[in-house]
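Please build the complex by placing chains B and C on the supplied structure of chain A, with the hints as guidance.
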Amino acid sequence: MSDPKLRNFHEAQWDEPIIFEQSVPGSRSMLIPDVSKEAAPVTGEVSGLMPESLKRSKKPALPELGQPQVLRHYLRLSQETIGQDINIDIGLGTCTMKYSPKINEQFVRSPKFAEMHPYQDDDTAQGILKLIYDFEQIMKEISGLDAVSFQAGGGGQGIYANAAVLKKYFEDRGEADKRTQIITTILSHPLNSAAPATKGFEVISLYPDENGYPSLENLKAVVSEKTAGIFITNPEDTGVFNPIIRQFVDVVHEAGGLCVCDMADYNGLFGLVRAKELGADMCHFNLHKAFASPHACMGPGCAAQCVSAELEKYLPRPRVRFDGTRYYTDYEDRDSVGKIRQFHGALSAVIRAYSWVMSLGTEGLKAVGETAILNNNYMMKRVLNEVRGITMSWAEEAPNRLEQVRYSFETMLKETGVSAEHVNRHMLDFGFQRFFPSHHPLIVPEPYTPEPTESYSKADIDEYIAALKKISEEAYSTPEVVLTAPHNGPISVLENDHIETVDQLAVTWRSYKKQHGKA
Amino acid sequence: MEKHKICLGLIVNPIAGMGGKVALKGTDGREILAAARARGAVPEAPKKAERALKKLLPYAENLMVYTASGQMGEALCKDLGLPCESVYESGKETTAEDTMRAADAIRKFPIKVLLFAGGDGTARNICQVVGETVPVLGIPAGVKIQSAVFGLSPEASGAITALIARENPVSVSSREVVDLNEDDYRTGHVSAKLYGFMQVPYEPAYLQTMKQSGFSSENDQLGGIAVYLEEKMEPGVYYAIGSGSTAKCISKRLGIEYELLGVDIIRDKKLIAKDVTEEELWNYVQKGKLRIIVSPIGGQGFLFGRGNHQFSSRVLSAVGKENITVIAPESKLISISNHTLHIDCTDEAVNNSLHGYINILCGYGYFHSFRCC
Amino acid sequence: MLHYPYIPNSNEAVRKEMLDFIGAKSVEEIYSFIPDEVRMKKPLNLPEAFTSEVTLKRHVDGILNQDSTCDENISFLGAGCYNHYVPAICDEINGRSEFLTAYSGDTYADHGKLQAFFEFTSMMGELLNMDVVSFPTYDGGQAASTAIMMSHRINKCTTALVPETMNPNLRSQLDCYCGGMKLVSIKSRKDGQLDLSDLKNKLSGDVACVFIQNPAFLGFFEEQCEEIGKLAHSVGAEYIVYADPSSLGVAAAPADYGADIACGDIQPLGIHMSYGGGLGGYLATRQEEQYVMNYPHHLYSIFENSKGQFGYARALPERTSYYVREKAVEYLGTCVGLWAVTAAVYLALMGPDGMKELGENILYKSNYAQKKLSGIKTITFPHKNSHSFMEFVVNFDGLGKTVAEINKELLKHHIFGGYDLSRQMPSMGQSMLVCVTEKTELSEIDAFVEALKKIL
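Protein chains in written order, with the working numbering: chain A, 1 to 519; chain B, 520 to 892; chain C, 893 to 1348.
Pulled out of the complex, with its shape left as it was, chain A reads as follows (with noise of 0.2 Å):
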């Protein structure tokens, strides 16, 4: 096969000065109203107003321009950013970069959603009342489970709100006190143990065996009359699938707890595999991520929240509900977890995600789990014959992946000095976004996780496979090149990019300019 020509990229690098740089004293880009000639004489003067104790002593010290000015400020700024719009972002695994339909931004960007005041009359809001319950229901087929809320604000928050439900389950009963330990697995995402243990959990991580999953053996090993339930990603972020699932779940739920799947590598399982079969209690599904509403520098997001019939009760409030001829928002929490987040949430996320599931319908969402698997299993095949210096884990226990895999540089950087972030960095050099790497631990050792989605076509494959070649290739020739890189980003490396104790942050620009004698 003949790779396609690599691309001579170079990203925008404006050299663009912080915007407190380039103030000039007196600019305005934004003048608000005056109202004091017909206020003033029903109210008195503004200084009246405020208490004295409260006044502002001294202005804001904040940046003065032109609006022509911070346009072309925000708008280089942008050009400095790889959005998965612009690049074949096959790197970035576990995230599921796929595309995000533009008509799906007009319908978010509609005064029509956007100028909707949550405490609205629910007579004045019966459009997005609707829409919000039919994807309820849609996300109840999906996810074969009884009740949705949308309520949090990506996975993380998805994962806390099931911990949240988990916990308030388990005080109903009686049992908060005794079941105080949840268990997981090293290669679900963090948020399965940060979450639970956020809500008060005990945690127990589990570690693949030489199967990719962990053993059944294991498990036993670990429940007990503490467990409160288990949190698991299946297909974990290697792509491998634990075909064991319903004995895992069946164990759980013999000692007591409750199964939470987290569908953040649900991709490939669109139209195979819901939480319902799997034997799960509650489930989330990033809107963000596998429905296609854009990442938007990561959020906002939203996480829909599925349950079972026995655990509605306890999901958070408000929801909406229909009584056959009109929709009402639901406040009742008596016996909810409350509020995870406030009002219904993040809807931008479930308006694109309902559009993106009515194009597609039953078919066209088991056509994007079988690309995406296509794509996948097309890609590794290539990577793994075609790529030298790179492996792949279980690979003989697990030949077959499903939407995502997470390989190794490993061999590459005991050959050549050339690490997974070396060769992550100069990725940017052909035009990709950098790739991830893994979560914490690192499991995997030099790890590498690529997601080629059911959005790349077989060429856009093609031309990231070239890139990854080319690279493997200069590790082993020039690998100079390859440990300098990036060579055409908007900067060149940063050779110090670690602090060692707080006084070195700098998170604002009064506190670098204070460490830098400039305040």
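Be careful, since some hints might not be right.
Claimed, not checked - Straight-line C-alpha distance at most 27 Å; calculated BS3-like pairs for lysine-lysine: (1) B:LYS771 to B:LYS788; (2) C:LYS1345 to A:LYS37; (3) C:LYS1264 to A:LYS55; (4) A:LYS130 to A:LYS276; (5) B:LYS771 to B:LYS808; (6) C:LYS1276 to A:LYS37; (7) C:LYS1048 to C:LYS1094; (8) C:LYS1122 to A:LYS59; (9) A:LYS58 to C:LYS1248; (10) C:LYS1048 to A:LYS381; (11) A:LYS102 to C:LYS949; (12) B:LYS808 to A:LYS414.
Simulated from the structure, these hints should not be mistaken for lab results.
For chains B and C alone, kept in the frame of chain A given last:
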């Protein structure tokens, strides 16, 4: 003005690793070395050191390597064109004494890291002299590589050093130096000892482990572990606290004295005995209920049978798996290869009784379940 | 197989080529390792798809067009979600594909995104007069929750004192999140100001923090804020202030009256309400280890390379759950990065004078509204002796009509009346929380007053 140079130390133990290929399990001692040579062994360590040092060549002009004469480093540096200065003159047949003297001479220079090519014996010799005063990194070249102070491969050790040569910040962590008694090892009888700790530079990409800041979260994790242990301590029960700084987090938490390299006995949050022998420990086991708090060795993951011989077969057999609490912070967990713990007691039945899965406490109420075999 | 525009490989010829390469007859053969017992037994039962964009748009627009928005009516709703003006450039920038579809890229590929994040925290730092501002979290309630847990981690105490009249939604969020903490309400005086004698009675050695909202949920400025801080500090507690950033062009920064931790919502800074979806939380402190190491969030720090270029990287990442999983102080996931970019654009557009004018405009209007409404003799203003910022409470007790009924009638005049407090704060009687912003016209306030007169 001359550009400021990055100073490194280098000690090659030229005879390290010679026993391995001729099945002699190490080269500690002159007779064994002679035997190895007789069996056709050739120096391995200089070749491995060369593989590591090649990673430094792009930065050669910014470097100054302080080393020892001839085969102990100087010859290799000159071959490769690395600027160097020999600060210790060794004899023709190098000995452990030469390693220690060279280390002592080199550490007087402002070196960023002392690289050495060798095995556990070399690590132990260097540890004896430099302790935790300067960062040390091993190029794995010996037969026995039990200590957690070595890179994954010679290239990996070189790559970490290259980061230092490039003035990239690299974190250091306190790691165990362990050595087996080679005489016993050769006869199939294993007894290992914890010799101390060294400061080892590491970088996630090269040691598959986590970056820790100066005021690391590792301290927070050990704090969380200690609080949890304290809350769960039962009155009247003896607690035998294993060696190493991880296990001693509970002693620190309780504000009681401890012997870093030995086993201490605590009861009712008070020190009962410090640095007990196996015999003394056995007495406590017989006196009342005893629980063991122990931390595995980083890297190899040995829980018992390496460096803590006080926990003998009879002690472990009497205490039982349910009364053993295993603790480790995240960085140590990840350093353990294949997330598998090992037990190497003399009694197979005891080994077997501890096999299966063990929950390692790694924070307040947080466990990682490791296989043990 | 049908053609799906979003799935380029829904192309039989290409699929065959790929399958041939893999050596499989079908995709099903590839995933044959999935056991039957977990497979769906029949296809999903979903509504029929609108496969063309033409029909899809008609369908979704048809649903959303049933709504009637704050642009099409006169809205006096606030209570945690505010109808501020969104400058066009905010939408222009956050609609850019590069930002909208970026995710977790870092120092190099997403240099511009990180600079925008850094500028967000920097400008918030100026507004708040604090050196450390974190990457924003889900909403103000989450920021407040973390602020309280942060105080607990710092001083190990377990009681948090909060105003009884705080935002009830926020309170519900705190109740859910702050497990192991005891949330104790501090009473209010008649004029709404915090009852300091009650606060003093409740101060003890176990108080982790004293939390206030300023402006308060019910709209007025808490004038004793400096004294409250001193009282909190007298028992070693942290002083947490939840402040509306849109007030900070005219109101003192929390740090200036002693706050140790500031938090709140950034939705007022250029982000549309979107039915409550436009929220984002900020959290800020002094630059001290006890605070910094207790942030669960990303902290993007600025660095300079040898070429004199600025770059950004996540600092002290070992704090976060991405690195140490359950051992982190709290979990951290995808939050609201796009709103950080948007708020940065907003603050850069507004500048110091814009923020001042914004505050003054709102002050005039809320006072104008109260003055005008006070012409209706039968209604009362429980907090009239306090100074309100953007919102104020109007009480309708004894008029024979509930707020719900009044709001229904206002709707006929295309007016969304204030938030009905009777559901969540029954002790306030039949009260509504009226909100005005720079978008509210004086004439709209007049129309509101006239409509109310007719209704009452």
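For each hint, the structure was consulted:
1. B:LYS771 to B:LYS788: 11 Å, holds
2. C:LYS1345 to A:LYS37: Holds, at about 26 Å.
3. C:LYS1264 to A:LYS55: 25 Å, holds
4. A:LYS130 to A:LYS276: With Cα atoms ~25 Å apart, LYS130 of chain A and LYS276 of chain A stay inside 27 Å; holds.
5. B:LYS771 to B:LYS808: 23 Å, holds
6. C:LYS1276 to A:LYS37: 23 Å, holds
7. C:LYS1048 to C:LYS1094: Cα-Cα ~17 Å, so holds.
8. C:LYS1122 to A:LYS59: Holds, because 25 Å separates the two Cα atoms, which is no more than 27 Å.
9. A:LYS58 to C:LYS1248: 11 Å, holds
10. C:LYS1048 to A:LYS381: 54 Å, violated
11. A:LYS102 to C:LYS949: Holds. LYS102 of chain A to LYS949 of chain C sits at ~11 Å (cutoff 27 Å).
12. B:LYS808 to A:LYS414: 49 Å, violated
The earlier numbered hints that this structure contradicts are 10 and 12.
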